[in-house]
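In the order they appear, the protein sequences are chains V and P.
With the working numbering, the residue at position 288 of the first sequence is 288, and numbering never jumps.
With the working numbering, the residue at position 238 of the second sequence is 238, and numbering never jumps.
Keep in mind that the hints were calculated from the coordinates and are not lab data.
Dumping the calculated SDA-like pairs for lysine to any residue here, alpha-carbon to alpha-carbon at most 25 Å:
no. : chain 1 : residue 1 : chain 2 : residue 2
1   : V       : K69       : P       : F171
2   : V       : K86       : P       : N233
3   : V       : K225      : V       : G295
4   : V       : K86       : P       : H34
5   : V       : K68       : P       : Q103
6   : V       : K86       : P       : F171
7   : V       : K96       : P       : S241
8   : V       : K68       : P       : F102
9   : V       : K86       : P       : W228
10  : V       : K96       : P       : M36
11  : V       : K68       : P       : L110
12  : V       : K86       : P       : D164
13  : V       : K86       : P       : H223
14  : V       : K68       : P       : F101
15  : V       : K149      : V       : V169
16  : V       : K69       : P       : Q103
17  : V       : K69       : P       : F170
18  : V       : K68       : P       : F170
19  : V       : K86       : P       : M36
20  : V       : K149      : V       : V179
21  : V       : K69       : P       : L110
22  : V       : K96       : P       : A232
23  : V       : K329      : V       : K391
24  : V       : K68       : P       : F171
25  : V       : K69       : P       : F101
With the Cβ distance kept under 7 Å, some of the chain V side facing chain P (calculated, not the full set):
no. : residue
26  : A9
27  : V40
28  : R41
29  : G44
30  : H89
31  : V92
Reference listing, derived: stretches of chain P covered by chain V, where coverage requires no fewer than 3 residues with Cβ under 8 Å from a Cβ of chain V:
no. : region
32  : 186-193
33  : 230-239
A quick note: this is a predicted structure, and the numbers were derived from the prediction, not measured.
We treat Cβ as the ideally placed atom computed from N, Cα and C, and that holds for glycine.
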Amino acid sequence: MSFRPVFLAVLIGTALVVGGYLVNAYRPRSVTDQPSAALVRASGKCAECHRNLQYSVVHEYEMSVHAKKDVNCLECHQPAAEQQGKEHHGFVISAKLTAGNCRSCHETVYQQFLRSRHAAPAWASVMGDKDFTTEQVAFSEQFQPGGCKRPPHPLTQLEGAAATTSGCVTCHSVGRPNVDGTIGTCSACHTRHTASVAVARLPSTCGQCHLGPDHSQLEIYTESKHGVLFAAQQRLLDLNVEPKKLTTREMFVPTCATCHMSGINGMNVTHDPGERLSYYLFAEVTDKRPNFARGQAAMKDACRNCHTTPLIDRVYHDAESVVSSTIDKVKELKEVIDGLRKDGLLNKPFDRPIDFAYFDLWHYYGRTAKHGAFMGGADYVQWHGNYPLLKHGVEIKSMAEEMRRSHAKK
Amino acid sequence: MPRNSQGYIRPRLWLEVFLWLNVAGLVPDIYLAHSMNQFRRPQEYLPLYFSLAAPPLLLIGLAGWLLWGRVMLWRVLGELVGWAAILVGVLGLIFHLESRFFQELTLASLVYSAPFAAPLAYTALGLMLIMNRRVDPDSEEWPRWVLLFALGGFVGNFVFSLADHASNGFFHATEWIPVISSGLAVGFLLVPFLMTVRRGYLAICAAVMLLQGAVGVLGFYHHFSASWHGPANSLFGNLVSGAPVLAPLLFADVMLLALLGLWVLWQHVPAEMGEQSERAITAPSMH
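Generate the whole structure from the sequences, applying the supplied hints.
Set out below in structure tokens:
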């Protein structure tokens, strides 16, 4: 038997196998070097179907930093601790992701978030503390006293489940307790498949919840010089810079995240947006935060990236004056309401027109005036703040007198 | 002289049986494959309907030939099914061209794309049905066509096992076995088309083909085992989404085709180097 055909056959076969091996070796190590076969498959198999079913999801992911760093679908979608996995076309996945999934890579960020009012206090301010474990409540109360250990908001009862679910819960779910024992969802700010720091830096992202009469931060920002400059120069900014490397060269116009959270010019990045705040401006009667001095110093450091100290001190002085005068105005009306309650003229929450007038007074106008003062929104200090404060104050006093007269007649 | 096609070997009949089994065997195969996509598009039912309709027609033709002596019935029905199979295969190829690979033309997308060449299995079966009716099984040409189709089958096995297992990142080293084995099969089946070979070589080829059969059975075991222990609630769910359980059997399947070709070719090849060189198989010899 001739050796030539056998040699040729083996040569061709070997060449094919070596060729196949080399092609496979050409694939990125980040794709092929995975702890499980499923994680390798996920680097392309998921997109093969979902590109046809939900193109946007795949496209958004492909634009993300996760994609650039070869973080594949299953790395985020694999069931995290305490999560129930479900079978999905050969993969075991968690379809509903929580902070529990993100924390597997971003634990420090999650811990910062847990200490913030975006975590448990956000949910508790609507639904109360009943959904949290004792440990979760105790943890949150260490950092946000009174923020978590509280009853449900009375409006949830009065407006009903439908309104609460589609209204309040949509924003306040940023701090919802998850069945896996974690709290919150990072995608509220970073979106899901984009998982973007740039999106989180947009004023409109914060403005998804921080808008409207109850906390008009987005409107105030838009009116402010910061907002005007952002509108004019957004395309010149680089919102994608890694948080710890961000400088005023990339973001020479600030957004909410720049001042409240960013690591701009070497500052400490934080996912506790309250870390640089000094007052509870949202409160009925504003008080200093427990970390008042540290918070104010940190925010002033942020301001100093663009402004001189005298200017910063003047802004703080003027804003604190507004806070102080608002406290006085609210307190005066609070005494009127407390007096009516004490005398049995008001029994249930949100039962009489004066309840709503007073709630609007501090919850809308008081807050707006204070936020406007700190954020450079003059119109919001005056026409959306102090003017309605004055008007509602007069009306509340008048309503109170009328109630007392009516009560006396009985 | 080679054994007569009317003798006990009857290669034409064996090939017909092989083709019938393959067309019928595509029913579960295509059902599982398109179940992965949940038959999202109506055209995905086309190969399924074809695979359901073709075997009875072929069976009628076969009965016409074997029982009633109506060779024409066998010929016409076979040609009909054959051309339809070619059409189904080509249409399938075109539909599969919508896959991500043809949008991106990257290696990554090639690995995870729908197997765009897989529908060509229908085309190959169709061509074989036609070939079996048009080429004299006693001729030297007939086994060479069979071997060519077997070669095509192993090229497919090589490409698909490479791509499928690349999507796993060859996580288990055993996933290289079918790649190596089908590469070897391609090498051995290609040589008769490139140079003169004799019976000794065909014997080695047969041994290499038997190895393919063993690899197919081993692959079936591994793929079925993976599905058996898969994450879905049902075995069917795992069969649809897991490792393609029928795919490794293609090795054994094409092995049978190759062995048939080698067996018949054997009749045309001199045993030793010293025999008449004009009877040695030289390439190309197809008409």
